[in-house]
Amino acid sequence: VFIRNIWYPCAWSHEIGRSLFERWICNEPMVFFRTEAGKPVALYNRCVHRRAPLSKGQLIGDRLQCGYHGLEYDCSGKCVKIPGQDAIPAGAAVKSYPVADKWRFLWVWPGDPDKADASLIPDLHWNDSPGWVAPGDTLTIGCNYLVDLDNLMDLSHLTYLHGRTIGTPYVSEFPSTTQVIGERVNVTRWMIDRPAPPLFQRVGGFRQNVDRWQIIDWTAPGNVVIDVGCAPTGSGAPQGDRSKGIEARSLNLVTPMTERQTLYLWSYCRNYKLDDESVTKTIYEDVKRTFFEDKDMLEAQQHLIDTDSPQAHTISLRVDSGPMQVRRIIERILKREAQGEPLAA
Amino acid sequence: VFIRNIWYPCAWSHEIGRSLFERWICNEPMVFFRTEAGKPVALYNRCVHRRAPLSKGQLIGDRLQCGYHGLEYDCSGKCVKIPGQDAIPAGAAVKSYPVADKWRFLWVWPGDPDKADASLIPDLHWNDSPGWVAPGDTLTIGCNYLVDLDNLMDLSHLTYLHGRTIGTPYVSEFPSTTQVIGERVNVTRWMIDRPAPPLFQRVGGFRQNVDRWQIIDWTAPGNVVIDVGCAPTGSGAPQGDRSKGIEARSLNLVTPMTERQTLYLWSYCRNYKLDDESVTKTIYEDVKRTFFEDKDMLEAQQHLIDTDSPQAHTISLRVDSGPMQVRRIIERILKREAQGEPLAA
Amino acid sequence: VFIRNIWYPCAWSHEIGRSLFERWICNEPMVFFRTEAGKPVALYNRCVHRRAPLSKGQLIGDRLQCGYHGLEYDCSGKCVKIPGQDAIPAGAAVKSYPVADKWRFLWVWPGDPDKADASLIPDLHWNDSPGWVAPGDTLTIGCNYLVDLDNLMDLSHLTYLHGRTIGTPYVSEFPSTTQVIGERVNVTRWMIDRPAPPLFQRVGGFRQNVDRWQIIDWTAPGNVVIDVGCAPTGSGAPQGDRSKGIEARSLNLVTPMTERQTLYLWSYCRNYKLDDESVTKTIYEDVKRTFFEDKDMLEAQQHLIDTDSPQAHTISLRVDSGPMQVRRIIERILKREAQGEPLAA
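Those protein sequences? They're chains G, L and D, same order as listed. Count along the first sequence from 1, add 5, and you get the number used in my numbering. Count along the second sequence from 1, add 5, and you get the number used in my numbering. Count along the third sequence from 1, add 5, and you get the number used in my numbering.
Take these hints with a grain of salt, some might be off.
One copy or two, either will do: identical chains are not told apart, so a pair holds if it fits within one copy or between any two.
What the hints assert, rightly or not - Here are the simulated EDC-like pairs of lysine to aspartate or glutamate, each with C-alpha atoms no more than 20 Å apart in a straight line:
| # | residue 1 | residue 2 |
| --- | --- | --- |
| 1 | 61 | 313 |
| 2 | 107 | 298 |
| 3 | 44 | 20 |
| 4 | 100 | 291 |
| 5 | 120 | 346 |
| 6 | 44 | 122 |
| 7 | 61 | 133 |
| 8 | 100 | 67 |
| 9 | 286 | 342 |
| 10 | 107 | 222 |
| 11 | 300 | 336 |
| 12 | 61 | 311 |
| 13 | 86 | 325 |
| 14 | 100 | 198 |
| 15 | 100 | 27 |
| 16 | 120 | 27 |
| 17 | 100 | 122 |
| 18 | 86 | 178 |
No wet-lab data here; the hints were simulated from the structure.
My request is simple: use the sequences and hints to build the entire structure.
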């Protein structure tokens, strides 16, 4: 069960054009394209006639023609032409999903279209602003999206899983604090007077110790913005001065495709050395490598979850408070939705 | 559930010889071979001892010896030798299926052997007569055989799926008429005064417009003979004169292997340019390419059927009358069989 | 359901070292390693925190550190360190399995550790004694371990499946006798005055006829020792004189990994031509080839078992008495275990 009345990031905006693009989102097959005027469209990807995938058809102007028997749909999902007959039966339509381009991502709303309000899309302006450069990519992970969110909401795993790039021995030693602000979850960790991690050393040239921060901000369903950075120890008090260090926003957008497939759109936004292609390249490669380490672990973990009894004994740790709050809020939203209550203010 | 008391085409006759040939038909594992005298034999492909596949054994004269523990079966499926013991237990036998060579195909009867009457095999003489040349081949498709029959009984899809070979923009514009004759279904479409499709142009050299026909004749379970051809417009009235054009019989024999695997034996029989190898080659390659387009669509469609609710809303079109009649008659035969009623006259 | 209170051979001893080694045994994920002092350890391979596979972690001295969030376990499976917190919750532990190195194999006891007594490991000294040379290897077979045991307890299949190596036309002609001795099963077959099989001819140079024996000794759960050999006919009475022929012990250790995956550790121990590397090589390659023939048949058989009705009619043969006794004793042990009765004396 997934939240329905919410925006899901479903692709990079530039991926959607005049070629039909197929992707499952929240257990529903969807086909994406743009109109001749460039407006994005998302339709249910099962022809109402014989369930053929519309993504195997073609665009005729702004109509999507099924590649099997030629039914044509307009952008609202209404069937507007049936070859060989004039009458179009009642109910000849597929669902059309509200979509929006925002922050260079495409967002889709699987629920009640009347409730879709683009202003509910969270702020990810770092991905689309002057003064920021943001290499990124797409990954699919063979696990449930909640398992992936557990990963993102507790960065103590950097020490053990990502020692080659962004992990350092000390991350897990420093405590983090979790705050719930309405239906946001914020997890903050400061690491004081320690060496910079390999990536920051590579791109920032830090020789001396730094004060380093990770400030995670989650909004439903799976938008995780991590404010990361470091500044020389002593450059400010009680922590290093952000303006004297480097900072970035790590965007991690996690969307359920199916119960066991998760779409992972990531972007690493920085505001320094904007024109240095080699820094961009180093960041892209390090982050990509890091996320493949996560993918490998998450898929192995999902297999061991699926082959275990759901009642098996497990324990929770202090570092689980962020992940737990996220799961709790998702449960709350699902319950609210099941009871037909309005969206949260 | 599949019809049992009926002939299923299960291979090309030439494929069955003194090598053991394994194929699932109607959810049953079967092994096929020929006796030394050339008579075809089909046995249940699970040894009665430990369920090993008999097709991994060998022929000793006309006996099939299991490759695991050496039990030997005669052509009636009776176990006639057990190594290391003289007594053969009661019930030591596997099912033997009636088989028949006809029209260069091998046919198998999964049901009551006493009811198997070779004269019930439908007429496909074009595949095995002087004056006709018939290249063909075998395909397996990952879908239920009814989904494949839907495809064959409504050729309006040629316009959308097969534009490179036998499709033309106008096929779906012309209406077809469906007739039920006893337990046959006949779907006829005439397309008047239009260009010939690419394949007919290539092999028939038509420059001017033609009158083109598609006359589909289905008999249970999955034998679809399509009389196709075209003649110059004006060569006859109210339609072109068949004798002044070219014609062919497209044989499409569709047999369930399992619920999700379909055997597709096809042959394209023509009565012109018999000795022109290049025409044979062009036809073979065009038809093969065409059927791979079907395979690709049908497997994608089956996946979307299987991941959808069976109760999901779908619509029927005018072009579905052929497919619908076929499904209706198959239902009727299954019901008759379940009630133990005799075969249709 | 598998027997719990018993030793299962789970790897070659030399395979376990300071690298983490992952293997499912009896439907449980296990991780194996050795302490710095060389003692073997087996732990449950699911972290008690988030179920990550511990085998993706690393050894820190004799502690196993989870590669996801850094929990550390000692060799008893107790969690002894949790990064970022001092308190260790009650129940923070994974199961630790008794293990033992014996006869160059590693053995694991999935059941009650208090009952694990290394003296219960069966005698396989041929694999680890002066005067014997024993090439061997590991195979996994996609079938239930009982299906594999059926294979090993009835060697009449050599005639049909292994004609290129150890099979001869006459094996299945000679009767075997089955004896149950406590909870051992012994199947003996003597084949008198016949040519030696290909492998014995290759390594023993027998030109004249031999008396050949196969004496199978099974102990639970899946330890099959086959005393095989041959001696010139007439060299003794009533059978050939063992001291004038060649003999070997074929060790076949069969362990359930899951319901449909079986671990097969094999070794072929001989006491002649100890230094002749070419004999070792010939034996290794012939036996390996032989067991791949078994694997191919067993996996095909398992598929036909799984697609058949469990109630389908099958027959039993005289040669099945060995396999049947084995299944009967395993049932008896399972029943005893389910009722909490003590191990057999």
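Next on the checklist: If you test the structure against every hint from before, which numbers come out violated?
Outcome noted: Violated hints: 2, 4, 7, 9, 11, 14 and 16; rest satisfied.
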